[in-house]
Amino acid sequence: MRTEPIAGPSGAMIPVARTRHWGRVLSAVAALAIFGWLLFLIVVNPRLDWSAVATYLFNERILAGVWVTVELSVLATILGLVLGVVIAIMRLAHNPVLSRLATLYIWFFRGTPVLVQLIFWYNLAFLFPALIIKIPFTSIGLMWDTNQVMTGFTAAMLGLGLNLAAYFAETVRAGIQAVDTGQSEAAYALGMTPAKRMRVIVLPQALRIIIPPTGNEFISMLKTTSLVYVVAGHDLMTNASQIYKTNNMIMELLIVASLWYLLLTTVATFLQGRLERRFGSDAVRLVRRGGVAAKVLPKVPA
Amino acid sequence: MSPVVRATGVRMSYGDVQVLNGVDFEVAAGEVSCVIGPSGSGKSTFLRCLNGLEPVLGGSLRVLGEEVGHTLRDGRYHPWSPKEYAAFRKNIGMVFQRFNLFAHHSAQENVACGPVHVLGTPKDQAGKLALELLDRVGLADHAHKRPHQLSGGQQQRVAIARALAMNPALMLFDEPTSALDPELVDEVLEVMRDLAADGMTMVVVTHEIAFAREVGDRLTFFADGVVVEQGRPAELLANPAHERTRAFLSSVRGPGAPEAALRSDA
Ligand SMILES: Nc1ncnc2c1ncn2[C@@H]1O[C@H](COP(=O)(O)OP(=O)(O)OP(=O)(O)O)[C@@H](O)[C@H]1O
Ligand SMILES: [Mg+2]
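From first to last, the protein sequence lines stand for chains A and B. Basically the numbering used here = 1-based index in the first sequence + 98. Basically the numbering used here = 1-based index in the second sequence + 3.
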């Protein structure tokens, strides 16, 4: 906005009047008032014991739960990413059987609630009381009790990871298709086999396109892990709920859990920002302009 | 000595669209064979058949002593597996109109990529070879740059070095200078001229008539998926036998422009 005076018709310098944005000020005041009132209602609520929040924030079980949540998010995300790449490649394969199976997988895991899948894995023992790896037609092999293998943690990791894989496969597929076909032709012309071309030329470029949005997957995974409390996965939410079931301080423990989730997602968002800075400009450059993928893939800052 | 390329009646189509209608074409070892023709006449398609990027659907195409796409065994031609195609292409370099450098690699990595990943050359040895080749195309100072940091002419020279790193017996060029700004054309043609002087066998699809006349041993005119005529470049350019050739030449030169008015500096 200009503040410097302007030379008028007579040649004299005439100052510029300040514009008052009354509407802006008014709406800001109103919004602040409502927000402050709501905050006040919670903060001064006599039924809320803030000292309990402070004590439980660093409670041993809560800290253990935070650690499990981080572990679970990382492992499930890794499982989801690796499996997602495999399924995306199957989906793009010329082999119609592989491609259909991949489509079926994506359809199934995207079409059923992740909560249902978690409970399914946790109760796998109903279908298979024992897990057996055996050399066919011999008695040599290994056997485990399903209920011992399928702890809340493994069920959670499988459920969340397999589910993410289905979503991530579609992102990877878009990323692979976004890589210019000229790159593949050049790879073939050098004498690469299709598999080597995929591994050495296409995937590294596709991943540069895909990596920035995967940060979002991880952030949402941090929060989705809270579903794990239905299978007693000993994560943050499970442990918080177990504590409030004994002492009935539901609100206090939900606030404790929320504070930790906020901290985790804030850290993850910061890391995500760095990932985007590292790969974002590459991603923008690698995406073929005007192609389908340019529309499908989330926008990344240059 | 048998020719490096011998095409007899090569046919190819994309679905119902017949693109090559029986191409006869030969390249001897050490020869620079230039190909010209109107847009859509099938020049690129034919070039891509030569290294098996497109399948030949009829006729016979022998390149470097092999029937492209098939091996004769037990009285039958067996189609190649992807592995066999890959092995065949190791010996043929290809340079694309749009460069197609690997976008995630530096110039040096682009050149070293073939030896490392296809031939299994140790990384440090391939890196040294890459530097030598980059020096040969005048880009030793740009080894660490990524493709997007290079001009079109520089990218195309890296692409030539990348193909040369495989020590090919045959080089294919598909309009290597037509995506370049005019002032960058000569630096690429210069590299190709050196290559020709070294005795490399080359098939060059190009609109650079002056280059074809000066460097080419043979010139072939393509139209509608067939070879309309071919001969020594100077003769074919001076006295085209077919009306279509004459029409095409006058369209690239501009109507009525005499032969002498073509760029003689290139
Ligand atoms: N992938 C494809 N699918 C279908 N048709 C194609 C494909 N590629 C090329 N064609 C068609 O095949 C014909 C020959 O194409 P080609 O690229 O070989 O011509 P060209 O002589 O190289 O032309 P230009 O000088 O424009 O490069 C054209 O009519 C083109 O439209
Ligand atoms: Mg072409």
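Errors might be hidden in some of the hints.
So, partial list: chain A residues that the calculated Cβ filter (under 10 Å) puts toward chain B [unchecked claim]:
{"no.": "1", "residue": "126"}
{"no.": "2", "residue": "168"}
{"no.": "3", "residue": "169"}
{"no.": "4", "residue": "191"}
{"no.": "5", "residue": "194"}
{"no.": "6", "residue": "277"}
{"no.": "7", "residue": "281"}
{"no.": "8", "residue": "283"}
{"no.": "9", "residue": "286"}
{"no.": "10", "residue": "287"}
{"no.": "11", "residue": "289"}
{"no.": "12", "residue": "290"}
{"no.": "13", "residue": "291"}
{"no.": "14", "residue": "294"}
{"no.": "15", "residue": "299"}
{"no.": "16", "residue": "306"}
Treat the hints as calculated values from the structure; they're not laboratory data. Don't be surprised by glycine CBs; every beta carbon is placed ideally from N, CA and C.
We went through each hint and held it up to the structure:
no.	hint	in the structure
1	126	44 Å, violated
2	168	31 Å, violated
3	169	32 Å, violated
4	191	13 Å, violated
5	194	17 Å, violated
6	277	8 Å, holds
7	281	6 Å, holds
8	283	6 Å, holds
9	286	6 Å, holds
10	287	4 Å, holds
11	289	4 Å, holds
12	290	6 Å, holds
13	291	5 Å, holds
14	294	6 Å, holds
15	299	6 Å, holds
16	306	6 Å, holds
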